[in-house]
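Number of protein chains: 2
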Amino acid sequence: MTSPTGASARRPANLGETSAEKDVKIELDDLQDIACGAGFLGVGGGGDPYIGYLVCKAAIQECGPPDLIQPNDLHDDALVVTSVMIGAPTVTTEKCISGEDAVFAVKKIEEKLGREVDAIVCAEIGGLNSLLPVMTAARMGLPVIDADGCGRAVPCIDMTVWCAGGIMPGAVALVNDHLDVVMIEADDARRAEDLSRAAVTAMGLSVMSSMYPMSAEDMRRTSVPNTMSIARDIGRAVRNPGQNTPVDSLLRFLKSTPHYSACGILCTGKVMHVERETRGGFAFGLAKIQGNDGNEYRIDFQNEYLNLVQDGRLLAMAPDLVSIVDAESAMPISTEALRFGQRVSVVGTSAPELLRSEKALENCGPKRFDIGDLYTPIEKINGWAR
Amino acid sequence: MTSPTGASARRPANLGETSAEKDVKIELDDLQDIACGAGFLGVGGGGDPYIGYLVCKAAIQECGPPDLIQPNDLHDDALVVTSVMIGAPTVTTEKCISGEDAVFAVKKIEEKLGREVDAIVCAEIGGLNSLLPVMTAARMGLPVIDADGCGRAVPCIDMTVWCAGGIMPGAVALVNDHLDVVMIEADDARRAEDLSRAAVTAMGLSVMSSMYPMSAEDMRRTSVPNTMSIARDIGRAVRNPGQNTPVDSLLRFLKSTPHYSACGILCTGKVMHVERETRGGFAFGLAKIQGNDGNEYRIDFQNEYLNLVQDGRLLAMAPDLVSIVDAESAMPISTEALRFGQRVSVVGTSAPELLRSEKALENCGPKRFDIGDLYTPIEKINGWAR
Numbered sequence: 540m541t542s543p544t545g546a547s548a549r550r551p552a553n554l555g556e557t558s559a560e561k562d563v564k565i566e567l568d569d570l571q572d573i574a575c576g577a578g579f580l581g582v583g584g585g586g587d588p589y590i591g592y593l594v595c596k597a598a599i600q601e602c603g604p605p606d607l608i609q610p611n612d613l614h615d616d617a618l619v620v621t622s623v624m625i626g627a628p629t630v631t632t633e634k635c636i637s638g639e640d641a642v643f644a645v646k647k648i649e650e651k652l653g654r655e656v657d658a659i660v661c662a663e664i665g666g667l668n669s670l671l672p673v674m675t676a677a678r679m680g681l682p683v684i685d686a687d688g689c690g691r692a693v694p695c696i697d698m699t700v701w702c703a704g705g706i707m708p709g710a711v712a713l714v715n716d717h718l719d720v721v722m723i724e725a726d727d728a729r730r731a732e733d734l735s736r737a738a739v740t741a742m743g744l745s746v747m748s749s750m751y752p753m754s755a756e757d758m759r760r761t762s763v764p765n766t767m768s769i770a771r772d773i774g775r776a777v778r779n780p781g782q783n784t785p786v787d788s789l790l791r792f793l794k795s796t797p798h799y800s801a802c803g804i805l806c807t808g809k810v811m812h813v814e815r816e817t818r819g820g821f822a823f824g825l826a827k828i829q830g831n832d833g834n835e836y837r838i839d840f841q842n843e844y845l846n847l848v849q850d851g852r853l854l855a856m857a858p859d860l861v862s863i864v865d866a867e868s869a870m871p872i873s874t875e876a877l878r879f880g881q882r883v884s885v886v887g888t889s890a891p892e893l894l895r896s897e898k899a900l901e902n903c904g905p906k907r908f909d910i911g912d913l914y915t916p917i918e919k920i921n922g923w924a925r
Numbered sequence: 540m541t542s543p544t545g546a547s548a549r550r551p552a553n554l555g556e557t558s559a560e561k562d563v564k565i566e567l568d569d570l571q572d573i574a575c576g577a578g579f580l581g582v583g584g585g586g587d588p589y590i591g592y593l594v595c596k597a598a599i600q601e602c603g604p605p606d607l608i609q610p611n612d613l614h615d616d617a618l619v620v621t622s623v624m625i626g627a628p629t630v631t632t633e634k635c636i637s638g639e640d641a642v643f644a645v646k647k648i649e650e651k652l653g654r655e656v657d658a659i660v661c662a663e664i665g666g667l668n669s670l671l672p673v674m675t676a677a678r679m680g681l682p683v684i685d686a687d688g689c690g691r692a693v694p695c696i697d698m699t700v701w702c703a704g705g706i707m708p709g710a711v712a713l714v715n716d717h718l719d720v721v722m723i724e725a726d727d728a729r730r731a732e733d734l735s736r737a738a739v740t741a742m743g744l745s746v747m748s749s750m751y752p753m754s755a756e757d758m759r760r761t762s763v764p765n766t767m768s769i770a771r772d773i774g775r776a777v778r779n780p781g782q783n784t785p786v787d788s789l790l791r792f793l794k795s796t797p798h799y800s801a802c803g804i805l806c807t808g809k810v811m812h813v814e815r816e817t818r819g820g821f822a823f824g825l826a827k828i829q830g831n832d833g834n835e836y837r838i839d840f841q842n843e844y845l846n847l848v849q850d851g852r853l854l855a856m857a858p859d860l861v862s863i864v865d866a867e868s869a870m871p872i873s874t875e876a877l878r879f880g881q882r883v884s885v886v887g888t889s890a891p892e893l894l895r896s897e898k899a900l901e902n903c904g905p906k907r908f909d910i911g912d913l914y915t916p917i918e919k920i921n922g923w924a925r
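First to last, the sequence lines map onto chains Y and A. Using this note's numbering, the first residue of the first sequence is number 540, and each one after it goes up by one. Using this note's numbering, the first residue of the second sequence is number 540, and each one after it goes up by one.
Hints in this document: simulated from the structure, not taken from any laboratory. Don't take every hint at face value.
It does not matter which identical chain is meant; a pair holds if it fits inside one copy or across any two.
To be verified - Under the rule of at most 20 Å between Cα atoms (straight-line distance), these lysine to aspartate or glutamate pairs were calculated in the EDC-like manner:
1. Lys651 x Glu724
2. Lys564 x Glu601
3. Lys651 x Asp726
4. Lys827 x Asp839
5. Lys596 x Asp568
Please work from the sequences and hints to get the whole structure.
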């Protein structure tokens, strides 16, 4: 039997005309910037981007940099799938990724569908999960698409904008470090999530997955565009602030983007308290921040930061982005890295419009997370321009 | 898309020469006898055989009686799979079986392997799970094999004599009442069990499954033969005791069988106490019996009765069979039907030799169930002939 990760790099046949002209690649030099931007857009979750950086670096050194293509670069009927870690980010920091597992999950989807995949798309532009598609694409000789299925990170597989757009997770392939495979097919996204969560918990809470096989046409219609390059450019803005502070440079860049233009600092202060609990296949918890303004702030999380509360008042709520960054360097801090004494700024950002549709709010709005009844956009609460 | 249960009845191409001559079928009239015998061999578990009787009756009335063939009736390379319920028997009594679900699970194995199944084999000749293969065979127009993978019922999928004989569960297809599918592939039987149990728990604890796809040659080499007809004949012996009491008639018949010849009444008395707990995907519990001899007896169960204890002394232990029957009628009583005040006899029976191999004892001996360190055969403990 051949290696389960299969053949050598291959060139997909389903690329449209424009891709050869642009010829943008994700190079080694981009990885730390993507990791930084993905940490920010991951709102604390999606897995530690540093692990993503390490596994991507190894893959690119071994197999070369993958192409970063635009959604329009693919023929309508090209086959696109995700490569994504599912589990609790706290576990992934202790239980690393071989790469073989992630590729094997994509191979299982190919085997199931009886055809080869043409490109890898990012399921959630957050943390590790924004770099995993790059690693898998590099290892499989496939392009990675400059778009994603959430515009941030989310804890459940049914919370994507794909799902809100009518695309089901379809076949879900889960692979653990033994290369055991669990394949899930359910015609209801919430049941697919529940079945996957149970399997993932039994598989060790840090599992490589491939799912959401779809046509390039469906992907184009339902994805949040440009998020891979936005993540990279957030990293660049933080690393090269020029005359500004890193946090100001970050905010300036966000304001220039189509999705994240309403943004601002919600509070700055010191982390006073962190509680964590791994339960039901998720990393739950809360953090308290003593603001420099004298107020006390609370943030709840379920893999990702979900809200910012001051005196019982919600200043931000999912699906809008609540990110915690180092107050000086603007480097994002994940839920598992958050600890007492850190000096932080909480940056709030508008969610992409696709995440604010009625259906999307049902899937990942405040009610789903039990943090509030009604969604109010962050710019409305805080009187920001958008 | 066509119905997921697929095409009309078909005749397998892989039958050997002898089957046409024998032409034994499982008729409607056999079902209650098989249910009774399967209740006995199921040692309290395997699901309520009455439910098996009902779903089988409907299938045979609709599709006709399936052939009961001998292992030798199949060509060596014929493809054989199981049709089996996994979960907690307590749940199956409340959550019935459509039949479509069980057939769909077999179809998923066919889809995975890219070929049609030639015959259905019983995974465990116990309770519902001895009749489910008959139902699935009838609905698919396939023969059912007069053999099984345990010679009794067992709680875990890695406890079969197939596993002890080196056959892995292979692809495991799990289907719930929504026709959601979870497919599991693990090259380790214990991990396949653990992953299946987690999935089954999330799927509602009463799930239709197909697994252990194997060649007829492997099936022949590793199965316990004749158990489907033995189950039927146990039922006949109990129903037609002639001059004997039903319990005596049962024991007389068992003594004439190749597998269960060492047998006897271990105690007779009244059920004084039953405790139940559904935990970890199983129905756990214990029962206490006040013996007519003045002694108090205890039986532990995990889906199936595991032992009989008197004054701290094990009178019988898995994999030997501990069955509880009505003291008058000899009708078997399952763990979920056991209740205070029942007058019962506890019948102990030798396990088939294949279940007593070193490897099989590792999988389903006393240590695995935490009921003792060392296996002692029931005939040795009780001074019975074998």
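These are the hints, each one checked on the structure:
1. Lys651 x Glu724: Both ways: Lys651 and Glu724 sit 11 Å apart in one copy and 13 Å across, limit 20 Å.
2. Lys564 x Glu601: The answer is within: 15 Å in one copy meets 20 Å, while 61 Å across copies does not.
3. Lys651 x Asp726: both (16 Å within a copy, 19 Å between copies)
4. Lys827 x Asp839: within (9 Å within a copy, 49 Å between copies)
5. Lys596 x Asp568: within (9 Å within a copy, 68 Å between copies)
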